[in-house]
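Trainee: These protein sequence lines are chains A and B, in that order.
So the first sequence is numbered by our numbering: it starts at 1 and just counts up by one.
So the second sequence is numbered by our numbering: it starts at 168 and just counts up by one.
Keep in mind that the hints were calculated from the coordinates and are not lab data.
Check the hints yourself; a few may be wrong.
[To be verified] Pairwise CB distance ranges, derived in the manner of DEER restraints:
1. A:Lys135 / B:Gly212: 16 to 26 Å
2. A:Thr28 / B:Glu207: 30 to 40 Å
3. B:Ile199 / A:Ile52: 16 to 26 Å
4. A:Pro74 / B:Ile199: 46 to 56 Å
5. B:Leu210 / A:Ala119: 27 to 37 Å
6. B:Trp200 / A:Arg89: 28 to 38 Å
[Unchecked claim] Computed cross-link-like contacts, EDC-like style, restricted to lysine to aspartate or glutamate with a CA-CA straight-line distance of at most 20 Å:
7. A:Lys135 / A:Glu120
8. A:Lys166 / A:Asp88
9. A:Lys58 / B:Glu207
10. A:Lys166 / A:Asp136
11. A:Lys135 / A:Glu124
12. A:Lys34 / B:Asp242
13. A:Lys79 / A:Glu164
14. A:Lys79 / A:Glu154
15. A:Lys79 / A:Asp98
16. A:Lys79 / A:Glu124
17. A:Lys135 / A:Glu154
18. A:Lys166 / B:Glu207
19. A:Lys106 / B:Glu207
20. A:Lys135 / A:Glu99
21. A:Lys58 / A:Glu164
22. A:Lys158 / A:Asp98
23. A:Lys34 / B:Glu244
24. A:Lys34 / B:Asp239
Ideal placement from N, C-alpha and C gives every residue a C-beta, glycine not left out.
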Amino acid sequence: MNWLRRGTSEPLWKEEFSVRTADERYVTRRQLTKFLVLTSLGMFVGNIWILIRSLFYKAPVYPQQPVAQLGEIPVGGVKLFSYPTKDDRCIMIRTAQDEYVSYSQKCTHLSCAVYYSQAENRLECPCHQGFFSIKDGAVLQGPPSRPLPRVVLEARGKQLVAIEVKG
Amino acid sequence: MPTSNDLPPQNRGLTAIAGAMSLITVLLIVQIWLLSAALESFLGGNRHTALPAAIFSGVMFLISLGLYAFVDRIDSEVRGSSNGR
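Chain A extracted, bound-state conformation (with noise of 0.2 Å):
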């Protein structure tokens, strides 16, 4: 670290004891100056962090499961099932006869569990007011930022498969 304390001879306890006080203000807006520039770098990582996080990435595969049969919930009727994994909680609603959606069920605020309102046709989340559309779970309302990640379904026969989820 001696590049750090380049351009002076004194030691460093001599230099944080100095008998005047503007001495002493000196050397303490140098080092929170160094202080600042290493939290700079400590920022930059951070972002070269992310970017080999992105370079690297690899698109999850998602296994191709059966949620529910056609017809198995009423229209207006919700379904929870667990995709991809058994601890990622989904819901399935039934907005129409042939229309069936789904989303991811932890809020992207604090992955509450969101549900689904008949009265209000949106998806709420209890913990913080945050309200989902139910048309594609984008952020209608409140803190979360992000909107639901949705399970995309496809019907096969008298089945609706859970083939991947995107967002």
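Guided by the hints, dock chain B onto chain A, whose structure is given.
Mentor: Relative to chain A, chain B alone:
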């Protein structure tokens, strides 16, 4: 009217450091915002913002480093003139 050259070298050094420190602080605030925005974007599944964010953050770090080198030079000069008195 007194100019900055009339001030003692220690005070001139202090002024230079305070100026550099202010600029570095502004750059640091922008870097913190940039890091949080890049992370938010990355977690949101958008991976195209990482490269420009890293480049801008690197540029701001280099400017901060340049300002620190400037402070270091002023420091050496001030100490040199103080020791010479």
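Trainee: Please flag the earlier hints that this structure goes against, numbers listed from lowest up.
Mentor: none
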